[in-house]
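**Q** Residues per chain are reported as follows:
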Amino acid sequence: MARALINIPAKAAKGQIIEIKTLVSHPMETGFRPDNQGKLIPRDIINRFECEIDGERIFAADLYPAMSANPFLTFTLLAERSGEVTFRWKDDRGEITEEKRKLVVE
Amino acid sequence: MIRTALIAFTTTVAVTAIAQIAPGERRSGAEFMSPSTQAMQKDDTSNPGMLAALEGETLWNAPAGNEGKSCASCHGPADKSMKGVAARYPAIHQSTSMPVDLQGRINLCRSDNQKASPLRFESRELLALTTYVALQSRGMPVSPPDDARLDPFRNQGETLWRQRFGQLNFSCAQCHDDNWGKRLGSAPIPQAHPNGYPIYRLEWQGMGSLQRRLRNCMAGVRAEPFGFGSDEFIALELYLMSRAAGMPMETPGVRP
Numbered sequence: 687m688a689r690a691l692i693n694i695p696a697k698a699a700k701g702q703i704i705e706i707k708t709l710v711s712h713p714m715e716t717g718f719r720p721d722n723q724g725k726l727i728p729r730d731i732i733n734r735f736e737c738e739i740d741g742e743r744i745f746a747a748d749l750y751p752a753m754s755a756n757p758f759l760t761f762t763l764l765a766e767r768s769g770e771v772t773f774r775w776k777d778d779r780g781e782i783t784e785e786k787r788k789l790v791v792e
Numbered sequence: 119m120i121r122t123a124l125i126a127f128t129t130t131v132a133v134t135a136i137a138q139i140a141p142g143e144r145r146s147g148a149e150f151m152s153p154s155t156q157a158m159q160k161d162d163t164s165n166p167g168m169l170a171a172l173e174g175e176t177l178w179n180a181p182a183g184n185e186g187k188s189c190a191s192c193h194g195p196a197d198k199s200m201k202g203v204a205a206r207y208p209a210i211h212q213s214t215s216m217p218v219d220l221q222g223r224i225n226l227c228r229s230d231n232q233k234a235s236p237l238r239f240e241s242r243e244l245l246a247l248t249t250y251v252a253l254q255s256r257g258m259p260v261s262p263p264d265d266a267r268l269d270p271f272r273n274q275g276e277t278l279w280r281q282r283f284g285q286l287n288f289s290c291a292q293c294h295d296d297n298w299g300k301r302l303g304s305a306p307i308p309q310a311h312p313n314g315y316p317i318y319r320l321e322w323q324g325m326g327s328l329q330r331r332l333r334n335c336m337a338g339v340r341a342e343p344f345g346f347g348s349d350e351f352i353a354l355e356l357y358l359m360s361r362a363a364g365m366p367m368e369t370p371g372v373r374p
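From first to last, the protein sequence lines stand for chains A and B.
Quick note: the first sequence uses my numbering, first residue 687, plus one each step.
Quick note: the second sequence uses my numbering, first residue 119, plus one each step.
Be a bit skeptical, because a hint or two may be false.
Stated by the list, open to error - Here are the in silico distance ranges between beta carbons for each label pair:
(1) Gly194(B) - Pro695(A): 29 to 35 Å
(2) Ile210(B) - Asp748(A): 32 to 38 Å
(3) Ser754(A) - Thr214(B): 37 to 43 Å
(4) His211(B) - Asp748(A): 50 to 56 Å
(5) Gly741(A) - Glu321(B): 39 to 45 Å
(6) Ile727(A) - Ser215(B): 33 to 39 Å
(7) Leu286(B) - Arg743(A): 52 to 58 Å
Hints were generated in silico from the structure; no laboratory data involved.
In this text the structure is predicted, and so the values were computed from the model without any measurement.
From the three backbone atoms N, C-alpha and C, an ideal C-beta is built for every residue, glycine too.
Looking at chain A on its own, in the form it has when it is part of the complex (with noise of 0.2 Å):
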């Protein structure tokens, strides 16, 4: 499973805009490079990124190859209630690395 690190107050006032921060380990092997024999490596990347508070979603994301390894996504949230946020990423050998975080909003 990839590792990850996420930046998410943990408290917020009622309609304040919080910024959230996500960096997961991941290679992000795009499927164009060679291995030292010559072969292709096959395409490996996370193609999805999802983002849920009491499984309402707030942000998701499609991922392509152009992405570097350990992608970086930022994001903000408009903070209405508190719940249970899940981070949810998902690659191409359907690999699913979920972290979830509790947000107060008072």
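Put chain B on the given structure of chain A with help from the hints.
**A** What follows is chain B alone, placed relative to chain A:
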């Protein structure tokens, strides 16, 4: 006898006549980077080197080898036991009286204390453990040990630093002491301080050790690079650390 003494004398004079970077002029490699790369290094959620540190923390606590011991079984929490350690390596290994660098020290613990096979140079595992151990010294001053047994190796490192290498016939000093701050093609020439290593290099799309960086510089002047773990690299690392004494540790650094 007198002749050798004379030659030794003239070489010493020649060596000391070469300019060194004054302490007030010292600049970390990070200062030569673009503001966006600096910001990437400074923020722990955008610094990809922190992923290696995270992996290192897992390895620190994972039993390995025939003894079934983890690093933590003997050393406890790394934030206490490893604090300041990276800032004073390379250091003398007591049982051999020879200098070892941090990677070498970790591999000695693998083989002697965990009875596990040593980790390969530039392997994910060795880079991750080295990064995690070095992170425990972040912000602390580079503190080369005041140990006279290291002097001959430091001197060897300084000699290598000033020696011309490769088809392009450049010494490390010509670029990093005499021409730092200027550009080589599109890349600014930094002062070659080791205080951010292991680093995450964007060009590599991954982590690399100080020795990997040194091999790049040697290949750049079309010299045959020294081998990983060679005496020459340990000597150069010792010299680089003494040259950076007092600068804060920054591991994990990010480089373009």
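**Q** Each of the hints needs a verdict: does it hold here or not?
**A** So, going through the hints one by one against the coordinates:
1. At about 32 Å, the CB distance of Gly194(B) to Pro695(A) agrees with the hint of 29 to 35 Å.
2. The hinted window of 32 to 38 Å between Ile210(B) and Asp748(A) is violated, with their beta carbons roughly 54 Å apart.
3. Distance hint check for Ser754(A) and Thr214(B): the Cβ-Cβ separation is about 42 Å, which falls inside the suggested range of 37 to 43 Å.
4. Between His211(B) and Asp748(A) the C-beta distance comes to about 52 Å, which sits within the given range of 50 to 56 Å.
5. For the hinted restraint 39 to 45 Å between Gly741(A) and Glu321(B), the CB-CB distance of approximately 41 Å keeps it satisfied.
6. For the pair Ile727(A) and Ser215(B), the beta carbons lie near 45 Å from each other, so the given range of 33 to 39 Å is not met.
7. Distance hint check for Leu286(B) and Arg743(A): the Cβ-Cβ separation is about 56 Å, which falls inside the suggested range of 52 to 58 Å.
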